[in-house]
Amino acid sequence: MVIYVFDGTFSGLLTAVFESFGRKHRQVKLVCEEHFEQDMFSETVRVTADKAKSERVWEGLKTKGGKEARKQFYSAFLSESAEIFQHLFDYALYVFNQPAGYANNFGNSHVLAVSQMAQKVHREKHRMEAFIRFQKSGNGLFFAVVSPDYNVLPLILKHFKDRYADQVWVIYDERRKYGIHYDLHHVHEVTFDFKPEATTDQSQLAIAMDEKEELYTTLWKDYFKSTNIKERKNMKLHIQHVPKRYWRYLVEKEDDLRV
Amino acid sequence: MSERIREKLQILADAAKYDVSCSSSGSDRKNTSKGIGDTGSGICHSYTEDGRCVSLLKILLTNHCIYDCAFCVSRSSNDIKRAAFTVEEVVELTMNFYRRNYIEGLFLSSGIFKNADFTMERMLKIVKKLRLEENFNGYIHLKTIPGASEEMVTEAGLYADRMSINLEMPTELGLKMLAPEKSHEEVKKELGVIRNKFIQYADEKKIIKSVPKFVPAGQSTQMVVGATPESDKDIMGTADAYYKAFSLKRVYYSAYIPISHDSRMPVIGTQPSLIRENRLYQTDWLMRFYKFDVKEILNDQHPHLDMEIDPKLSWALRNPQAFPVDINTADYAMILRVPGIGLRSAQKVIAARQYGKLHIYQLKNLGISYNKAQYFIRCADSPFQLNEKEPHVLRRMILQNSKSKYARQPTNQLSLF
Chain C
0 MVIYVFDGTF
10 SGLLTAVFES
20 FGRKHRQVKL
30 VCEEHFEQDM
40 FSETVRVTAD
50 KAKSERVWEG
60 LKTKGGKEAR
70 KQFYSAFLSE
80 SAEIFQHLFD
90 YALYVFNQPA
100 GYANNFGNSH
110 VLAVSQMAQK
120 VHREKHRMEA
130 FIRFQKSGNG
140 LFFAVVSPDY
150 NVLPLILKHF
160 KDRYADQVWV
170 IYDERRKYGI
180 HYDLHHVHEV
190 TFDFKPEATT
200 DQSQLAIAMD
210 EKEELYTTLW
220 KDYFKSTNIK
230 ERKNMKLHIQ
240 HVPKRYWRYL
250 VEKEDDLRV
Chain Y
0 MSERIREKLQ
10 ILADAAKYDV
20 SCSSSGSDRK
30 NTSKGIGDTG
40 SGICHSYTED
50 GRCVSLLKIL
60 LTNHCIYDCA
70 FCVSRSSNDI
80 KRAAFTVEEV
90 VELTMNFYRR
100 NYIEGLFLSS
110 GIFKNADFTM
120 ERMLKIVKKL
130 RLEENFNGYI
140 HLKTIPGASE
150 EMVTEAGLYA
160 DRMSINLEMP
170 TELGLKMLAP
180 EKSHEEVKKE
190 LGVIRNKFIQ
200 YADEKKIIKS
210 VPKFVPAGQS
220 TQMVVGATPE
230 SDKDIMGTAD
240 AYYKAFSLKR
250 VYYSAYIPIS
260 HDSRMPVIGT
270 QPSLIRENRL
280 YQTDWLMRFY
290 KFDVKEILND
300 QHPHLDMEID
310 PKLSWALRNP
320 QAFPVDINTA
330 DYAMILRVPG
340 IGLRSAQKVI
350 AARQYGKLHI
360 YQLKNLGISY
370 NKAQYFIRCA
380 DSPFQLNEKE
390 PHVLRRMILQ
400 NSKSKYARQP
410 TNQLSLF
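Sequences listed follow chains C and Y, in order. The first sequence begins at 0 in numbering that gives the first Met the number 0 and counts up one residue at a time. The second sequence begins at 0 in numbering that gives the first Met the number 0 and counts up one residue at a time.
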């Protein structure tokens with residue numbers, strides 16, 4: 000089996016697909032550079048991400064699989080899982096080797112794997128749209144810190160841009176150390192090292208809060224308690240919907256976390 | 000200052016929470032003018048400890064009320080703290096919660112003070128301020144006040160995404176018993192006003208493109224279940240009739256939670272019948288998405304839903320002649336009727352079988368509940384069966400192999416240590 004080493008980027012993965020067609024390699028093991036260890040017996044191909052090549056594959060995926068399937072392809076990639084990279088690669092080969100429409104053949108293991116992973120990523124995207132909590136700072140900036148399971152900021156960008164069109168906001172992914180910033184016109188990617196834990200000392204707090212911020216977080220916590228019906232208590236369902244790993248970002252759950 | 004607003008919010012959120020609807024979907028209001036907010040498929044921003052979704056800021060404008068409905072916490076004879084928001088307070092709360100991504104919008108209801116129109120007018124002021132002054136395009140669910148004038152209700156429809164008015168009790172008889180001042184006729188009148196206006200606007204839209212939106216997410220209603228002695232057949236019969244007559248988007252069923260010592264209703268401390276509520280919703284889903292007629296599920300022979308098994312399984316066991324269904328050849332409508340196969344997996348089955356006959360392992364991967372479905376289907380490699388099992392045997396087998404979330408946990412056992 001031939002080993003393809005790619006740089007871990009989306010464009011790199013698409014280029015790998017392109018290369019495999021040129022070289023007529025059907026059985027390929029796709030490895031991300033950072034996980035690659037040279038072994039003596041396998042043939043290795045180094046893939047360099049190439050804009051023109053990856054765009055052709057990207058176009059081809061639309062022609063053969065359709066827009067919706069292609070969207071799933073990209074979503075699944077954002078899971079950043081090594082296993083899914085291989086599935087995406089084999090999926091692309093499968094779709095290109097079949098007549099149009101086979102991107103919906105869920106009987107095929109790669110199609111199913113990609114669709115299931117896309118579903119998982121989509122759920123995380125949806126959770127972020129739900130669980131992001133902005134805090135308003137003294138200069139009017141609304142900011143939120145998150146740590147999503149998958150790299151979903153590219154997917155939620157449009158939602159927040161459309162919805163909060165008249166306020167400046169930043170959403171920061173502390174796990175991947177980058178954020179998206181909306182300046183009332185465009186959304187930019189921003190990278191800075193932001194450690195909310197480090198600023199325990201009040202005097203060193205990097206961001207001064209808006210004077211009403213505390214009032215509204217308190218009111219929200221009050222509301223959250225008041226709207227609960229005690230007679231219907233169902234903690235299992237509660238935790239199923241709001242898994243504990245998200246609590247630290249949720250204003251209304253942060254007090255429960257301390258208990 | 001902040002103490003008073005906190006107290007108001009606690010009182011008026013507490014009083015509003017028995018309205019179960021928290022839907023924020025179905026509208027198509029977009030943020031066109033670089034203002035704030037939009038609507039779409041709806042988002043549950045949080046879930047309370049009872050497992051219910053928190054999507055909207057659900058509050059009463061006031062819990063002062065001239066009516067004395069026995070099933071309601073805000074009834075005039077109840078000795079509780081009363082409060083009322085000002086228009087500005089509701090607007091401020093909505094905007095500040097919305098901007099922090101806490102909510103999808105506002106669900107505004109109210110007790111009736113002075114009279115219906117006076118109350119409706121105040122509610123109208125709030126939605127107009129949000130839409131016209133704050134440029135707010137988020138979701139607004141507005142409760143229609145029973146008895147409010149047609150002009151007022153119609154105007155509100157221009158700003159709200161959804162409007163609703165509650166039937167309260169499943170039958171007129173039940174309602175008269177607990178709330179003599181209210182009637183289903185009044186509810187019908189208000190629902191009819193919105194329905195007719197909705198049709199009128201839709202017709203105009205065919206000719207003129209710039210017709211304003213009118214209640215784009217439609218109307219809904221709610222019934223309290225278990226306060227009065229109606230059968231499941233009565234309840235779903237009423238739901239079906241209202242779905243058809245008023246093209247309602249949703250009917251909500253709310254298990255009665257005893258809140259008063261009134262001898263006409265279950266006593267305080269009685270557990271709300273959550274399982275019954277769940278079975279009613281399942282039936283509702285079968286009617287709306289699975290193309291069942293209500294009479295197939297509930298009729299004179301079967302006026303009550305089976306609490307142990309879901310209504311789809313129950314229907315299947317009563318109709319063994321319809322099974323087994325061949326997954327590889329049956330039409331979509333019939334696949335939808337198989338217990339253990341939901342909407343999405345039915346669609347996947349239809350999509351996947353174009354590429355070859357489906358086998359058991361593929362069905363399992365597609366996400367159907369194979370443990371339940373296996374008794375009702377045939378696929379490419381189904382084992383050959385000499386004779387079909389009797390429905391009551393099947394029922395026992397399925398019950399044994401599944402664990403209901405409602406199964407009683409032995410928590411009340413005496414602990415010795």
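Hints are computed from structural coordinates only; laboratory data are not their basis. Honestly, I wouldn't trust all of these hints.
[To be verified] To be clear about the criterion: a stretch of chain C counts as covered by chain Y if any three or more of its residues have a C-beta under 8 Å from a C-beta of chain Y, and this derived list gives those stretches:
#1 66-74
#2 98-104
#3 156-167
[Said to hold, decoys possible] With a straight-line Cα cutoff of 25 Å, these simulated DMTMM-like cross-link-like pairs (lysine to aspartate or glutamate) come out:
#4 Y:Lys-212 x C:Asp-165
#5 C:Lys-224 x Y:Glu-307
#6 C:Lys-211 x C:Glu-123
#7 C:Lys-124 x Y:Glu-48
#8 C:Lys-176 x C:Glu-123
#9 C:Lys-70 x Y:Asp-37
#10 Y:Lys-29 x C:Asp-161
#11 C:Lys-229 x Y:Asp-18
#12 Y:Lys-363 x C:Glu-123
#13 C:Lys-252 x Y:Glu-229
#14 C:Lys-232 x Y:Glu-185
#15 C:Lys-220 x Y:Glu-171
#16 C:Lys-232 x Y:Asp-261
#17 Y:Lys-187 x Y:Glu-229
#18 Y:Lys-175 x Y:Glu-276
#19 C:Lys-220 x Y:Asp-49
#20 Y:Lys-402 x Y:Glu-276
#21 Y:Lys-33 x C:Asp-182
#22 Y:Lys-181 x Y:Glu-171
#23 Y:Lys-33 x C:Glu-18
#24 Y:Lys-290 x Y:Glu-307
#25 C:Lys-160 x Y:Glu-91
Glycine is no exception: its CB is placed at the ideal position from the N, C-alpha and C atoms.
Status of each hint after checking the structure:
1. 66-74: violated (count 0)
2. 98-104: holds (count 3)
3. 156-167: Coverage by chain Y holds for the segment 156-167 of chain C (6 residues, Cβ < 8 Å).
4. Y:Lys-212 x C:Asp-165: holds (23 Å)
5. C:Lys-224 x Y:Glu-307: Judged against 25 Å, a Cα distance of about 33 Å means the pair is violated.
6. C:Lys-211 x C:Glu-123: Not OK: C:Lys-211 and C:Glu-123 at ~31 Å, beyond 25 Å, violated.
7. C:Lys-124 x Y:Glu-48: holds (23 Å)
8. C:Lys-176 x C:Glu-123: Measuring from Cα to Cα gives roughly 18 Å; hence the hint holds.
9. C:Lys-70 x Y:Asp-37: holds (23 Å)
10. Y:Lys-29 x C:Asp-161: Holds: Y:Lys-29 and C:Asp-161 sit about 8 Å apart, inside 25 Å.
11. C:Lys-229 x Y:Asp-18: Roughly 15 Å between the alpha carbons, so the hint for C:Lys-229 and Y:Asp-18 holds.
12. Y:Lys-363 x C:Glu-123: holds (24 Å)
13. C:Lys-252 x Y:Glu-229: Measuring from Cα to Cα gives roughly 39 Å; hence the hint is violated.
14. C:Lys-232 x Y:Glu-185: Violated. C:Lys-232 to Y:Glu-185 sits at ~34 Å, over the 25 Å cutoff.
15. C:Lys-220 x Y:Glu-171: Not satisfied, since the Cα-Cα distance of roughly 39 Å exceeds 25 Å.
16. C:Lys-232 x Y:Asp-261: This hinted pair holds, its Cα atoms lying about 24 Å apart.
17. Y:Lys-187 x Y:Glu-229: The hint holds at about 20 Å.
18. Y:Lys-175 x Y:Glu-276: holds (22 Å)
19. C:Lys-220 x Y:Asp-49: Measuring from Cα to Cα gives roughly 16 Å; hence the hint holds.
20. Y:Lys-402 x Y:Glu-276: Holds, because 19 Å separates the two Cα atoms, which is no more than 25 Å.
21. Y:Lys-33 x C:Asp-182: At roughly 13 Å apart (the allowed maximum being 25 Å), C:Asp-182 and Y:Lys-33 satisfy the hint.
22. Y:Lys-181 x Y:Glu-171: holds (9 Å)
23. Y:Lys-33 x C:Glu-18: The hint is violated at about 45 Å.
24. Y:Lys-290 x Y:Glu-307: Given that 25 Å is the threshold and the Cα spacing comes to 23 Å, the pair holds.
25. C:Lys-160 x Y:Glu-91: holds (22 Å)
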